[in-house]
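Residue numbering for the sequence shown follows my numbering, beginning at 1 and increasing consecutively.
Some hints here could point you the wrong way.
As the list claims (entries may be wrong) - Derived pair list, reagent style DSBU-like, types lysine-lysine, alpha-carbon separation capped at 30 Å:
1. 105 x 60
2. 26 x 189
3. 49 x 36
4. 6 x 182
5. 4 x 49
6. 36 x 26
7. 49 x 26
8. 36 x 60
These are computed hints drawn from the structure, not numbers from a lab.
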Amino acid sequence: RSLKLKHEFFTAPSHIINNSISPYIKEAGYVLNDFKADFITIRPLDQSKYAIDLVVNFAKCHPESTFHIYGGGNYFNYTDIPANVTLINRFLSPIEIPRVLNSYKYALMPTRLDAQGVMMCEMAVYGIPTIVSDIAVCHEMLDSYPNVLFIDNNRFDCRLNDIPEPLVSPDFSFSVENTIHKEIELIQKYL
């Protein structure tokens, strides 16, 4: 309805082809080394959809743990940073992300909407234990990943013992090759 498409449009076959993950994520799997902190969050700091307030509250509930937040924005101009949180006020390039992830035990990636979905999926695929919001889009993308923990945004907290183990054999079904092959196969089917 929003796109003003007619019903007849949907009678033709449709296909869903997943986005591909970064080739840098695909090159290796998660291995904890060069420990810097317990939790990592990578996201813009502004707009409520990115749920940085949930990360801050989670950190306050776990003062014995350390948190690094990568990103830019004005959120912390208006909110105090807890003592166990370090803000790294910059964004990471795709090539940096795997190396950086290997310095943390867990990824903390809450969201209120389908926002930062690619980064969240890449973290889960890479193998780092990943904590996400218990919302439909997160389940749609990550239900099959045993290294993902879903938490209700209204009570965004968990016992650290509930966080799953790293993923031993990453699933690279979101690879560029897989995506491109599916697209080519689909195009050839209709030529």
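Taking the hints in turn, this is what the structure says about them:
no., hint, result
1, 105 x 60, "18 Å, holds"
2, 26 x 189, "28 Å, holds"
3, 49 x 36, "27 Å, holds"
4, 6 x 182, "26 Å, holds"
5, 4 x 49, "26 Å, holds"
6, 36 x 26, "23 Å, holds"
7, 49 x 26, "27 Å, holds"
8, 36 x 60, "19 Å, holds"
When held up to the earlier numbered hints, the structure conflicts with none and fits them all.
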